[in-house]
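One letter stands for each residue in the lines below.
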Amino acid sequence: MNLKHFKQEGSLLYEMKPQYGSSIILIAGLFAFAFVGYYVAIYGLMWVMLILGVLSFWAIATKKMSIDMDKRLLHAKVGLAKPQVTISIDSIQRFELFTMSNNFIKTNAMLSAYYLDESGKEKAIQIAQGFRVKAMQSILNEMEEIIGR
Amino acid sequence: MRDRYQIEESASVFSFKPFHPYRSKLKWYGLAIVIFGVLSVFYYASMSKLFLIISATLFVMTVWFFLKEILLYIPLRYIFDRSTNEVYQSSLFLSKRKIMNLDEVVIYQSSEMGSWQYKIGKKKMQFVKSYAISEYFSIKKDNEQVVAYRSEILTKIEQMVTESSLTIPSNSGRSSFNH
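Chains A and B, in that order, are what the protein sequence lines are. Residue numbers 932 to 1080, in this note's numbering, belong to the letters of the first sequence in order. Residue numbers 131 to 309, in this note's numbering, belong to the letters of the second sequence in order.
Note that these hints are calculated values from the structure, not bench results. Some hints here could point you the wrong way.
Said to hold, decoys possible - Distance condition first, Cα-Cα at most 20 Å in a straight line; then the derived EDC-like pairs of lysine to aspartate or glutamate:
no., chain 1, residue 1, chain 2, residue 2
1, A, Lys1008, A, Asp1048
2, B, Lys254, A, Asp1048
3, B, Lys259, A, Glu1027
To be verified - Simulated DEER-style distance windows between Cβ atoms:
no., chain 1, residue 1, chain 2, residue 2, range
4, A, Ala972, B, Tyr266, 42 to 50 Å
5, B, Ile184, A, Asn1033, 19 to 27 Å
6, A, Lys1037, B, Lys286, 28 to 36 Å
7, B, Leu156, A, Asn933, 30 to 38 Å
Here the structure is a predicted model, which means the values were calculated and not measured. Just so it is clear, CB atoms sit at the ideal spot from N, CA and C, and this is done for glycine as well.
Bound conformation, chain A alone (with noise of 0.2 Å):
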């Protein structure tokens, strides 16, 4: 199997690649802001988007997403807030694009994935975003292609 947002650990674990692009303008421009405030002394506007960047700078970092073929689970990692969790592969429903547009252009796109937990109620997951779309589908084939639908 040939991977580009995933790698491959042992015969059977899959674990997919940090996404740095969309993240990486979101934490540049906190900390820009962050600059605009100490340069024009609101030191207000300042601290709020330094602690702002550090968070997202956390969740981005701390983000993680892996694939267990042999036991069929999906551990996932998403957001500060969240704890880890592990979705067995067999109750995944289906999966959604979300995708936000300023002034018609897309700006953001996103994909998640919507399973059952353990008491069937349907919960969603986001498995990765970013500007384009294309790049969502991409994820989605080589994640189908793993998990065998």
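Guided by the hints, dock chain B onto chain A, whose structure is given.
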């Protein structure tokens, strides 16, 4: 309900107009166009530039959306044909154009801020080139419209797609049987 989406069904063909329900919105567009038109004329006569710019912009925008609905969205029809294993789209300008094979259809939900809709696309590239097959639904779960849409249209399409992918191996369309 069948009128709502103009469903036409025969032994092998299922077709519907996903945006037909938008017709009920048209009168509000008409009202908005009249209001902004009158306002624009009024502000043009009274020489207040700022308000003229605002009302003229709103006028142009509502006309733009009105024309888009009436020319592009409402006449759109999708035709799912079992016998040829093909999906067609027909619009006001193009009549019955093949968009994909029936057995490679993937249905998925696509959401934007505050609303979502069903879309179809070819397997492995469904996000890149997609076709909207439902109107926008509000994010509120399981409202009546969604339930009705699912039972009248979505289940039918899903059934046709699974049937066709069982009889015809995927990745090879009907054409492979012709030679």
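For each hint given before, does the structure comply? Return the numbers of the non-compliant ones in rising order. The structure conflicts with hints 2, 7, although it agrees with all the remaining ones.
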